[in-house]
Amino acid sequence: MARWVRVASEGELETNLSVAVDGKPVAIFRTEDGVFALDDVCSHEYSLLSEGEVFQGEVYCQKHGSRFSLKTGAVTGLPATQPVRAYAAKIEDGGVWIEWAS
Amino acid sequence: MPAPAQAVDKSPTVDIGEYQHGFSYPDQSVFKTRKGLDEEVVNAISQHKGEPDWMRQFRLRALSAFRKKSMPNWGGDLSDLDFENLYYYAKPQGEQSRTWEEVPANIKETFDRLGIPQAERKFLAGVGAQYDSEMVYHSINADLAKLGVIFTDPETAVREHPDLVRKYFGTVIPYLDNKFAALNSAVWSGGSFVYVPKGVKVEIPLQAYFRINARSFGQFERTLIIADEGSFVHYIEGCTAPVYATESLHSAVVEIIALPGSRVRYTTIQNWSNDVYNLVTKRAVAHKDATVEWVDGNIGSKRTMKYPSIYLVGEGAHGEVLSIAFAGKGQEQDTGGKAVHAASHTSSVITAKSISRAGGVATYRGLLKVNEGLHDVRSRVVCDALILDEKSSSNTFPYMEINSDDVSIEHEARVSRISEEQLFYLMSRGMSEQEASVMIVNGFLDPLVKQLPMEYAVELNRLIELEMTGTVG
Amino acid sequence: MSAARVEPSWMTADRDKAKARLESMKWPQTSEERWRRTDVSRLSLDSYTVNSNGYSEAGLAATPREVDCGPHAGILRFDAGRCTECALNGFCKQRGVRLLPLSLALEEFESPLRTLFAERLESLEDRFGAWHAWTWSHGAFLFVPRGVEVPEPFLLEMTEAGSGIVSSPHVTVVLEEGARACVVQRLLESGSGSGSAGPGLLCNAGIDLSLGAASGVKYFEEQRLGSRSLYFRETRAHLEKDASFAGLEVSLGSRVVKTDSEATMNGRGADVHLRGLYFCGRDQHMDIASVQRHNAPSASSRAYYKGAVDSGGRTVFQGLIEVAKSASGTDAFLTNRNLILGDAARADSIPTLKIGNNDVKCSHGSTTGRLSDEELFYLESRGLSRVEAREMLVIGYFEELLDEAPEGMRESSIGAVRERLQQAARQERAA
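So the sequence lines, in the order shown, correspond to chains W, D and F.
Residue numbers for the first sequence follow this note's numbering, beginning at 1 and rising by one.
Residue numbers for the second sequence follow this note's numbering, beginning at 1 and rising by one.
Residue numbers for the third sequence follow this note's numbering, beginning at 1 and rising by one.
It cannot be assumed that every hint is accurate.
[Said to hold, decoys possible] Below, a list of computed lysine-lysine pairs in the PhoX-like style, where the Cα atoms sit at most 20 Å apart:
#1 F/Lys325 with F/Lys361
#2 F/Lys218 with D/Lys329
#3 D/Lys179 with D/Lys35
#4 D/Lys146 with D/Lys69
#5 F/Lys218 with D/Lys391
#6 F/Lys306 with D/Lys329
#7 W/Lys90 with W/Lys24
#8 D/Lys167 with D/Lys329
#9 D/Lys288 with D/Lys198
#10 F/Lys241 with F/Lys218
#11 D/Lys146 with D/Lys198
#12 D/Lys288 with D/Lys201
#13 D/Lys179 with D/Lys201
#14 D/Lys391 with F/Lys354
#15 D/Lys391 with F/Lys241
In case anyone wonders, no lab produced these hints; they're calculated from the structure.
No experiment lies behind these values; they were computed from the predicted model shown.
Put together the whole structure using the sequences plus the hints.
This is how it looks when you write it as structure tokens:
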């Protein structure tokens, strides 16, 4: 059953933010194209995507350079070979929300 | 996250839209070639090569990554490596060349034994860079051009084939991958760029050796090979003759993209002189029904850390790594291979043979990874180590991470010395112990040496003989 | 820790040293190679408390009763850290064999025990080891004198209990020259049925075996803790010349297991045979390590570990053969097999070799795969259901490891594997 969960206030989100939902780390990104949310843990090795660089709709993991689409979580560059989960995200009423299925 | 500094472009990859007009570089006459690495050196390198801005920006971002990344806390001992004390580009003329008289006797003798032509010897020994292979190079190039094959150096490729380069450069090995990939990405110079069009099978092996110039044996070569659908190419790097390096760090990057149905074989015989740190990142991506074969021979260098890898991302892909390592006095060969299975119906084979003698250390390090939810994945890894005397040692560190159940994974490793029975038998046939040992060692390596083009196989056998009789190294 | 009891001063001093070491160490991180695949950061390790009331040995009779121990040479039972039975048969008593709670042996057997605890302190690898050396609470001591060969097995049965507490049992076995013995250790948990709630317990165990020249021990360990508990164990066996050590560890329980069995051959001609069986179900994580350390010439060692992992489980096997420069004539072999029983299961296998001498025969092998389709089909065509066929093949897969195990342990382990497979099948049907 999916529901919208408020994970942070809008002011806390500049470009990258790491939050925890139900104990699970989630990375939130804000770009000129909107707000995006992905599992924070890279699918290659343990590293936080929220610490990565964002460019043209992708996030680059700082540990080994793996690339993921912000929108879908699909892998767009090695060495990762598996996608990360993406969540719908929005900014509303001064808060950052993601759609969460518990 | 704080906004990055304005001086460096924010974009982490090469992109058409970022060309900045009117950017001025430091005047060449003001820049003095010097040791150490910073933005000024990187900008100078890019300017000297006449590169477009997107490549310059790529180098600068890689430099930033190099500074952030830490040294590996595993593998060979790299504590002697002093980054500040190296030249990363052009060295002052006076310091570069040496006279023929200064070349050590054992190197000269190896040239004799291996039958290296006179003209090549001086080049290999670092005495000037006047080896003229123009004739050979031009005729091969004409044939290739007819097929549509591009075989050139990466600088030329950046200028003449930017679309191809931008599509693939740095996509297999991102500059964030590890500290040495970041270093190479910032200061790369020389190497090869190969593009083979759809369906074209290149019969003769392409060898960088044909294009010998100072840059081909450079410290920071960057090679990119793209085999389009259904094509075939065999690329050979290095040579068995000892290469007397002018600098002590060799940090190359090789990226291979094998598009569906293609096959790429990449053969390396490395015999850097015994003061070189050889730290290389080599990785291939094999798409649907493609095959990539790494044949990796490591004879020289003080420390080598190199693990040719294959990412099998399309169904039906197959990868092979054949590795030979010889660790003699003062040497540490830390080599192996990686196979990452990211698609079903894929297979991989890693065969590694090593020999250690006179106190050398040969280490196998490998990774076999199978992603979740895959079917019909097969892999076999065999490591054989021969330790020739009590002073030497061998290590084997294979890592297997298996996340699917429809797999068949086998791994075996053996360590031993020359068998007494074999020695005795050969000696009873009239051979000296040394001759018998050489024969046994060559026999040990034979299954892999057979995979090399003949002249290399012959040279390698002769080289092993020289190494074992202590004539060199 | 030892305020509640009277201990020789050397033990108290050792505990203090261990405590000091512990305070200088953090919990292991995944950046350390040994702990790379087992992340303890979310296990709330600091929340487990040492329950000294439940884990004391007050009120115990010091003299073991001489009883008929049935098929065993001696029995030592603990319930929540309290010794409830201590018995030795006549044969043993007459020959000077001693089996008693460890705390009671500290004074009388100061010499071997002090050496062994000192060695532990010296080679501490992580905070768990330091924690154990500081807070070990109860345990067994077995001593077999020179030349005595005891045919029946000694039974050590420890039933742990409690929620949110840490229990640190320790077993020490000392065999003098030419002695022979067999030990069966069962680690169980009471009150851990499916109805109970709470975080389970943390068991941080240590086993030391000191094997004199030409002595031989067979050591069987069966770990059956509850599904919410955590299990960490370090076994250290030290072998003198011509000594032999045959071990079998069966890992079935706990939600997180990290064990390390090290056999160090310090005398020529020593012989080691390590075997391990691990069955890992959904929501379990098992990280099993073995070390064959050759410090002397002409020793031989074998390690044979077989694991099975079901959907949702994860196993790691890390085996090491280490041969010192002086260990010529070494003959060492290591094998790991992994059976993957479903999707979303993961098996990591890392057999390693560090060889410093060339006059050796060392090799290792590892295979990973699933049950053979042909065999399954064959059994089903003979009328077995898929579940029955799987059961038969998995038990067949493990059977060879249990060959030499005492009857009771073999039955108990096979029974546990069978029960797990059936439970997994029920869960799958319900899903």
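To see whether the hints hold, each was checked on the structure:
1. Under the criterion of a C-alpha separation no larger than 20 Å, the hint pairing F/Lys325 with F/Lys361 is consistent with the structure, at around 14 Å.
2. The suggested pairing of F/Lys218 with D/Lys329 is violated, with an alpha-carbon distance near 44 Å, which exceeds 20 Å.
3. Taken as a hint, the D/Lys179 and D/Lys35 pair is honoured in the structure, with Cα atoms around 19 Å apart against an allowance of 20 Å.
4. About 44 Å separates the Cα atoms of D/Lys146 and D/Lys69, which puts this hinted pair outside 20 Å; it is violated.
5. Taken as a hint, the F/Lys218 and D/Lys391 pair is broken in the structure, with Cα atoms around 36 Å apart against an allowance of 20 Å.
6. Pair hint F/Lys306 plus D/Lys329 does not hold up; C-alpha atoms about 40 Å apart against a cutoff of 20 Å.
7. Under the criterion of a C-alpha separation no larger than 20 Å, the hint pairing W/Lys90 with W/Lys24 is consistent with the structure, at around 19 Å.
8. Among the hinted pairs, D/Lys167 with D/Lys329 is inconsistent with the structure: their alpha-carbon atoms are about 43 Å apart, more than 20 Å.
9. Using a Cα cut-off of 20 Å, the hinted pair D/Lys288 and D/Lys198 holds, with the two alpha carbons roughly 14 Å apart.
10. In summary, the hint linking F/Lys241 to F/Lys218 is supported, as the alpha carbons are separated by about 17 Å, within the 20 Å threshold.
11. Distance hint between D/Lys146 and D/Lys198 is fulfilled; the C-alpha atoms sit about 14 Å from each other, no more than 20 Å.
12. Only pairs whose Cα atoms come within 20 Å are accepted, and D/Lys288 paired with D/Lys201 is accepted, the gap being roughly 18 Å.
13. The hinted pair formed by D/Lys179 and D/Lys201 fails the criterion: a straight-line CA distance of about 36 Å is larger than 20 Å.
14. With a C-alpha separation of about 14 Å, the suggested pairing of D/Lys391 with F/Lys354 holds against the 20 Å cut-off.
15. This hinted pair does not check out: D/Lys391 and F/Lys241 have alpha carbons roughly 25 Å apart, beyond 20 Å.
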